[in-house]
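All chains, full assembly: derive it from the sequences and hints.
What follows is each chain in one-letter form.
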Amino acid sequence: MGKQGISRRAFMVRAAMGAFCAASAPRGATAARPGPSDPVRIAVIGNGGMGSRHIEALAANPECRITALSDVAISRFTRAIEIVDEVAGYKPPGFQDFRRVLDRSDVDAIFVATPDNWHPLMTILGCQAGKDVYVEKPACMTIEEGRAMVEAARRFGRVVQLGTQQRSMPVFQKAMALIHGGRIGRVTTAGAWVGVNGVGVGETPEPVPRGLDWDMWLGPAPWTPFSPQRFGGWMGWHDYARGGEVTNWGVHLMDIVHWGIGQDAPLSVQAIGGNYRGSAGAQNYEVIEAIFEYPGCNVTWEQRHTNTHAGKSYGISFQGTEGSLFVDRGSFVVRPEGPGIPEFVGEPERSWANTDHHNNFFHCIRTRQRPAADIEQGFRSTAAPVLAGIALKTRRKLVWDAANERFAGDEEANRHLARAYRAPWHL
Amino acid sequence: MHYVVRTVLTLSILFTLAAAAAPSDTGRLVQQLAGPDHAARAQARQLLPYRGVEAVPLLLPLLSHEDAEISWAATRVLEDIANEVSAPGRETDRRAVADAFMTLLAPEQPDALKEQGLRLLPIVVPRGYPLRPVAVLLGAEPVLREKARAALREIGTGDAAASLADALDRADPAFQADILHALARMRQPVAQPAAARMLRSAEPAVRAAACQALAWQGSADHLPRMAEVHAELEGAARFESGEALLRQLEAMGARGGHWRRVVRHLSRMAADEPDRHVRAGALVLLGRFADETAVPLMLAAAAGEDGPALEPAVLAGFEALQGPAAAHALLDAYPAMAPSMQAAMLRMFGRKGDARYLDVLKAGAAEHDPALREAALDGLAASRLPEAADVLVANAEAAGGDARAGAAASLRELASAYEAQGARDAAGKAFLGLYRLAEDEEAKLFALEGIKRNPEPEAFEVVMGALGADEFSALPADAVAGFARAMHDAGDPDRAAELVEALMPRLNDTAAVKGAIGHLGSLPGMRERLGVVAGWHLVGAWPWSFANGFEAPHVDPAAVDVAQTYTAGDETLAWQWHESPSPDGLVQLHGRYPLIEHCTAYAYTEVTVPEDCEAQVRAGSDDGIRVWVNGEVVLENHVDRGADLDQDTAPARLRAGVNRILVQSTQHVGGWNFLLRLTQPDGAPLEFERMTP
Chain A
0 MGKQGISRRA FMVRAAMGAF CAASAPRGAT AARPGPSDPV RIAVIGNGGM GSRHIEALAA
60 NPECRITALS DVAISRFTRA IEIVDEVAGY KPPGFQDFRR VLDRSDVDAI FVATPDNWHP
120 LMTILGCQAG KDVYVEKPAC MTIEEGRAMV EAARRFGRVV QLGTQQRSMP VFQKAMALIH
180 GGRIGRVTTA GAWVGVNGVG VGETPEPVPR GLDWDMWLGP APWTPFSPQR FGGWMGWHDY
240 ARGGEVTNWG VHLMDIVHWG IGQDAPLSVQ AIGGNYRGSA GAQNYEVIEA IFEYPGCNVT
300 WEQRHTNTHA GKSYGISFQG TEGSLFVDRG SFVVRPEGPG IPEFVGEPER SWANTDHHNN
360 FFHCIRTRQR PAADIEQGFR STAAPVLAGI ALKTRRKLVW DAANERFAGD EEANRHLARA
420 YRAPWHL
Chain B
0 MHYVVRTVLT LSILFTLAAA AAPSDTGRLV QQLAGPDHAA RAQARQLLPY RGVEAVPLLL
60 PLLSHEDAEI SWAATRVLED IANEVSAPGR ETDRRAVADA FMTLLAPEQP DALKEQGLRL
120 LPIVVPRGYP LRPVAVLLGA EPVLREKARA ALREIGTGDA AASLADALDR ADPAFQADIL
180 HALARMRQPV AQPAAARMLR SAEPAVRAAA CQALAWQGSA DHLPRMAEVH AELEGAARFE
240 SGEALLRQLE AMGARGGHWR RVVRHLSRMA ADEPDRHVRA GALVLLGRFA DETAVPLMLA
300 AAAGEDGPAL EPAVLAGFEA LQGPAAAHAL LDAYPAMAPS MQAAMLRMFG RKGDARYLDV
360 LKAGAAEHDP ALREAALDGL AASRLPEAAD VLVANAEAAG GDARAGAAAS LRELASAYEA
420 QGARDAAGKA FLGLYRLAED EEAKLFALEG IKRNPEPEAF EVVMGALGAD EFSALPADAV
480 AGFARAMHDA GDPDRAAELV EALMPRLNDT AAVKGAIGHL GSLPGMRERL GVVAGWHLVG
540 AWPWSFANGF EAPHVDPAAV DVAQTYTAGD ETLAWQWHES PSPDGLVQLH GRYPLIEHCT
600 AYAYTEVTVP EDCEAQVRAG SDDGIRVWVN GEVVLENHVD RGADLDQDTA PARLRAGVNR
660 ILVQSTQHVG GWNFLLRLTQ PDGAPLEFER MTP
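Here the protein sequences come in this chain order: A and B.
Using numbering that gives the first Met the number 0, the first residue of the first sequence is number 0, and each one after it goes up by one.
Using numbering that gives the first Met the number 0, the first residue of the second sequence is number 0, and each one after it goes up by one.
No lab work stands behind these hints: they were computed from the structure.
Some clues are possibly wrong.
Unchecked claim - With the Cβ distance kept under 10 Å, some of the chain B side facing chain A (calculated, not the full set):
#1 P87
#2 R411
#3 V561
Predicted model, so just to flag it, every value in this text is computed and none were measured.
Glycine included, every Cβ here is placed at the ideal spot set by N, Cα and C.
Spelled out as structure tokens, the structure:
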């Protein structure tokens, strides 16, 4: 079994014998709905990367108070506590096991900013525990998970917002208003593009660092020895992120495509891609071209080494019967120019953690209305990139039956719509 | 064991066949994949999947390669091949690949290879394929049995579910629960009897997991025992069985035929369930499936000891309640609710979009309590009810400070929503309100565009009555033109004409004229009022070279005679009258003559003015253009371009009486056309009489 063998077996035995119900056992109290002027009490789960950006923004936001932090790495939640202290002057408690956060009655809502692998289950467990949930994108890695997230949100009456913060950014709202107002006619094609995945090569298994709960980091994913490459570069692995950029930036950008064209379910998808620079063993591809067919509209996704449409390294373009519109987080441009606003330059993006999007979530927690990026919509914006990833893997054109959330006439492709959760975790 | 022997034999045959029949470059590509050159490896990674089944036996040994990158690369290629052969219609290849992968599970294989096999097999195993080698591993030590369980769950077929179900009796309780959780997601009826047996397990966690495995089907037969199990359990297992019971009732409710049972169970859980989370779920589902009779029970839950925690679930349940009786029950209950609940209810009433809630929403909008007032206004906006427009517009216009911006944003959304649902009168009012609130040009234009698109007579009254002369003169010319057109189309030509008259003095720049032409150009007489010259005698085409530019004209500019003919090679060219059908007077020359590239043609017309005056020639052309007025060149632009309105301008003096205008249009390649307007020197419309055929 090698140097990891003992701990691996020890875990499995422990899991098998003692942790039956670990995956579905909310034991804490459901929190009361915050009043109009009460700060929403939140916990942030996942304190590295995007999580740390959320923490910085949330600590400074009077609409909320961080009452708990959680990360599988003690060093990360320790640093997060320091950040909250520096920004807001108080120290929330930190936990290595996120379930301890769900147990707490002083947590109204959780922010999930972990690797993608955990998004669905933490969201579902949060809903079951009576918490509202802000979950980073992508919502899910599989279609089955996305649907289960929506069902959990609805079954327990929770507010669940996806971290597709562009829904709350004025530049996109204005651009979408122009499109929906008919400024470029009927949109018949749309395209989104971004740079490549940073796919790593090679892996060196190492002992699990002190203070890191590697088994919890893996969660529902298959067990594998610790390696710093997985821990730090998880986006290259299929077990933790199905697609890399296509399910990372792809969700943000396809979300805007859906918003613009007023559709959220493709009729078909096909894709090609590869790692042509040498990362032959990588699961997620560097370069990808995907084509989606929507009713009355073709949509493309481009992921390239140097990608500068209109001088932009990423963005979304819409082509209509009477004009075109390009938009990214900084600006939008309408062609041909005419009455109205041909060009709009918005506020520069200060952080990926968007306070307007946070506040929309908090408002909805208080009023119990659906948020700007409700999980159903967020799931569908995630689904399109996920389907592209399946088309990449199955290497064929797939016809999507959106009503049943199945591929038509391709049962083998349908196997990619779900993944097995490692016991004891389950949906 | 028999099966494993068979698959080993199959693989041996495959190896032999591959060695004998495979093109030699498949072997070279496999060597490349295992070689040190990363670029060559990437190339092999790309090409090998196209080799299909023949590459499989050559790749399998690489799975245990000591260099993880090479092992992964081989795995990736095998995944690609497995996916390719799993496409419909490739059953023979698919079975061969499945056979090859199955050899990885042979007892003598190391665990690491077995694990690789368990990751690959779910891609390719066809329906009806013997799964016994996988099922055998369900009895292995914990690491491997978990991988086997995961593989069968991902295979997902009835056969796979049956294999898992068969293993239940032999598994220890912990693994039984894991298997049942897999079966819950696989949703295969074949496993239901075995899962039902597990409801009798002595182990609470297994009984709870069995509830999960059965719930998806919503079979009424299982409900009594599941309810018993739930009543027996405590703690975490109780939550799991309760959650399963919610799923079961949800599925039964969706299937229909058991409405009373579903509501009875849900009501009991909503009232008595000790697990607060399960109780919350029951309250939500009660709203989805019950009727107005559930309202008192739900209110009691919100008012009880756990009320604050259950309130979100109660509200979600109320929101899901349907029908007029439920609406009346909620309205009856509303006055007695606490203010915080009332505020949430007002927003919820609005989201229901039901006119029955309109009165309470309007009353809420007049409340002194700012939280209630804000909630009522939010509710009115969310309702999208046309009857809410007046209240919302009045509120928005009365708002000050920060509230004004919020009201404007809300009104903007509402106006668009009204428009989308075809409530044009309400949309017109909302857009007008938005116009009054607008603090920047973009918002004003947005509002004006909306008013133009919603030209109900009442909206005209509002527009005309509300916009004073000063305000009107500040409107963009394009917007005025749009109003005029909308009024004309709505059957109000008199006021349309009134607007046009107000507009005419302002049409002195190209953007304004372009907008006016866009909206009004197709109306009789309008393009003439905008100075468009649309009627021309045309003659052409002569060969012409872009390199030579403008040379001596083929037509004498000082003595044009439309009865004259010309010779170009063997062709005799004669003048022909042409009236442009385009609102902007575009004269289309492409396709009119046999020559379509490297050629030129002429257009001639006459205009009459009452007295001598200074004027301006405004022309656009594709490609070059030269214009003579009364025999004198006033404009010349040798250019290769597409045409647009007013690309070139040049002064010209017109004489009292008839003025002769000759145009030479040159064609390099591509499109070929021109358009021309005559205006006053400042660009304002010029009145003149045109030539007729």
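Results for each hint:
1. P87: Because about 6 Å separates P87 of chain B from the closest Cβ in chain A, which is inside the 10 Å limit, the hint holds.
2. R411: holds (7 Å)
3. V561: This hint is violated: V561 of chain B lies away from chain A, its Cβ roughly 37 Å from the closest one there, beyond 10 Å.
Hint violations for this structure: number 3 only, all remaining hints satisfied.
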